[in-house]
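Take these sequences, add in the hints, and give me the full structure.
Protein chains in written order, with the numbering used here: chain A, -19 to 519; chain B, 18 to 215.
Derived pair list, reagent style EDC-like, types lysine to aspartate or glutamate, alpha-carbon separation capped at 20 Å:
no. : chain 1 : residue 1 : chain 2 : residue 2
1   : B       : K23       : A       : D501
2   : B       : K23       : A       : E87
3   : B       : K127      : B       : E67
4   : A       : K170      : B       : D24
5   : B       : K23       : B       : E191
6   : A       : K468      : A       : D400
Honestly, the hints are just simulated from the structure, not real lab data.
This one's a predicted model, so the numbers in the text were calculated from it and none came from an experiment.
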Amino acid sequence: MPSPGETVPFLDPLPGRSGLTSWIFSTDHKRIGMLYLWCILTMFAVGVVIGVLMRLELIAPGRTIMGAQTYNAMFTLHGVVMIFLFVIPGIPAAFGNILLPLQIGAEDVSFPRLNIFSWWLYLTGAVLAVTSLFTGGGPPDTGWTFYVPFSERTTTNVSLAVVAVFILGFSSILTGLNFITTIHRLRAPKMSWGKLPLFVWSLYATAWIQLLATPVLGVTVALVFIERLLGIGLFDPAKGGDPLLYQHLFWIYSHPAVYIMIVPAMGVVSDIIPAFARKSIFGYKAIAVSSLAIAFAGSLVWAHHMFTSGMSDTAVLVFSFLTFVVAIPSAVKVFNWVATLYKGSIHLEPPLLFALGFIFLFSAGGLTGLVLGSAGTDIHVHDTYFVVAHFHYVIFGGTGFGLFAAMHFWFPKIFGRMYDRKLANASWYLLVGGFNMLYFPMFLIGLMGMPRRYYDYLPMYQTGHIISTVGSWVLVAGLVTMFWGLSKCLRGPRTVGRNPWGAATLEWTLPSPPPHLTFLDPPDEVPSPYSYAGVKRDA
Amino acid sequence: MPEQHKDYLGDKFGMWLFLFTEILLFGGLFLLYAIFLHRYPAEFHQGGLELSRVFGAANTVVLITSSFTVALAISALQQGRRGLCQALLAATIVLAGVFMVNKYFEWSTKIAHGIYPGSSEMAQSGGTNIFFGLYYVMTGAHGLHVVIGATVLAFCMLRIAQGRVTAEDFGLLENGGLYWHLVDLVWIFLFPLFYLIS
Ligand code: HEM
Ligand SMILES: [Cu+2]
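Encoded structure:
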């Protein structure tokens, strides 16, 4: 007879083990993934509220609802929350945890206890980051990049914030370590590397970046902390140091980190597109290898953030060239997705809509990235709203939409319920419309010279700012609609079968929601992840 | 609950990955060192003369010996000689203590000579300040790792005493030992960079 663990859905309590502690001390990867998901969405909400407040301030020149110092704290917090607490852990820690073992036919990750420990570190980091707002000399006002010398001199509570970032980095490293080991050691015997779902490939590439780049961030922010404490002066020219070194160390992590953000979303899209085109993915190997290529090449381009910092012209030339090189594997992916759609039998369900939104917005962000990557043009748009538009297109339009796509794709698997598809579709139109209205004008005012990180501006930029602020309201309406559509059905009965979309990866062979214990014995048969012949829909 | 499977190779693999991140963490500091050495060769030379080679060399010997005792402790456990293993681990922890005490005297003499962050001695020239700044940061970070490593080994002793780590199942001790070797290795690089540079 199967034990209750093998039949009870993982969302429901096991006999004798219920309540909050069965979640926050759980070592089950699915439950840990859910913990991350809730935290991440909460942090997203916080970040969005701050973003919208900033937009409100910018609706007219001069002081509107807040002063300069508050605005500085706002964009710092918005950046820290969105980067370190939302997008970096976003897809890997939430969906990666839930799905990685299921997709490779493993019982759990390699180190389940380390896994829950990572979540606790994440929580600690999040709490400290929020605490830094209300304690010490006031909320940090350095921007999420903590550039020296300002970050060493400001009297605001930067020390606590960098400690939070250090701890969050540690959490990220441990998750990456866990995933790499899991993928190497715990694949089902028949799950060869060539049969891994592309989402797993993307997690694998991401995990390596997490592992290799994050320690450098750790030591860098630790140095900011030490400098604030002891004032040694490693980055202070008056004491023989060099602030440029800070920028190098910071970006050696933070450029690869943008791939920690985007690569998992690319994996999500690679899993969704073939499932809704009913056609095997075009160029499986090219997509898998391009993830690794991005991880590798992405580690060599950091100094494109520093074209105006006064480093040598040779360095500018080299880093500019290398930046163009990274565009290649990204483009390889986009072409392969489009080729997969070509002549497919397309089912335009919400997950596919969001995946298409990803391709469109990410391409816009990626192509404008080339403008920033070539040093000549970057000199003109550096630190303007052009950059703000670019990175929102890439991380929000890319990773954000990737996360939304993942939510709509795996929601029925996780909850055993189907959301309101009409609302989901409606929210998509609002989101894409609002998004472009919010960020597209930023490209234009950026080209006109509107600098970033200012609460005030010249009247010539006002039209753009007004459109953008109204766009932020449309976007928020879209977000509300989307979450309402998703949560509305959570009280209904669980009616979804194993495989509502007719997808071919392993997690769709399990009940929805999966039971507490899955794949106690590895599956005998491992399907080819994108071959749909004979795969039946089970709604 | 199903039987917990042990994945010995997986545990090792994870540990090696972790050690790799530690190396990268120190890597950032070594990078700074290399750049500043290139910029201030004369001051680094001068600074190296002020550090006591005797202290440094003594600590190097202490750490290398402790790496040796850990390695012996692991083979002792594998051969089932638990008492010997525990004694060797205790010796390692004592050596870690000796290292830290040494370090304490070294730092306090430096501080007594007016070499500490913000002192007028250190503010003599930019290069001198950077040399000693790096000295404190890097040996400090390493010292922290010595303490962590000793704690890990103490935890291994506890587990052995409880019978949770045994001759058949020694993965934890082996990983603790690996960590200790890393701590040792980092010092092997720090020693010449600071003490023998001139
Ligand atoms: C409703 C959604 C959002 C709105 C209204 C919004 C708005 C803004 C605004 C007004 C700024 C400040 C520009 C400046 O003065 O320099 C900003 C900066 C930023 N945003 Fe957003 N944003 C939103 C979502 C996001 C998302 C989803 C992410 C990341 C995933 C993100 C990441 C960032 C980052 C990293 C900065 C730079 C902070 C800094 O300069 O230190 N934002 N955003
Ligand atoms: Cu970059």
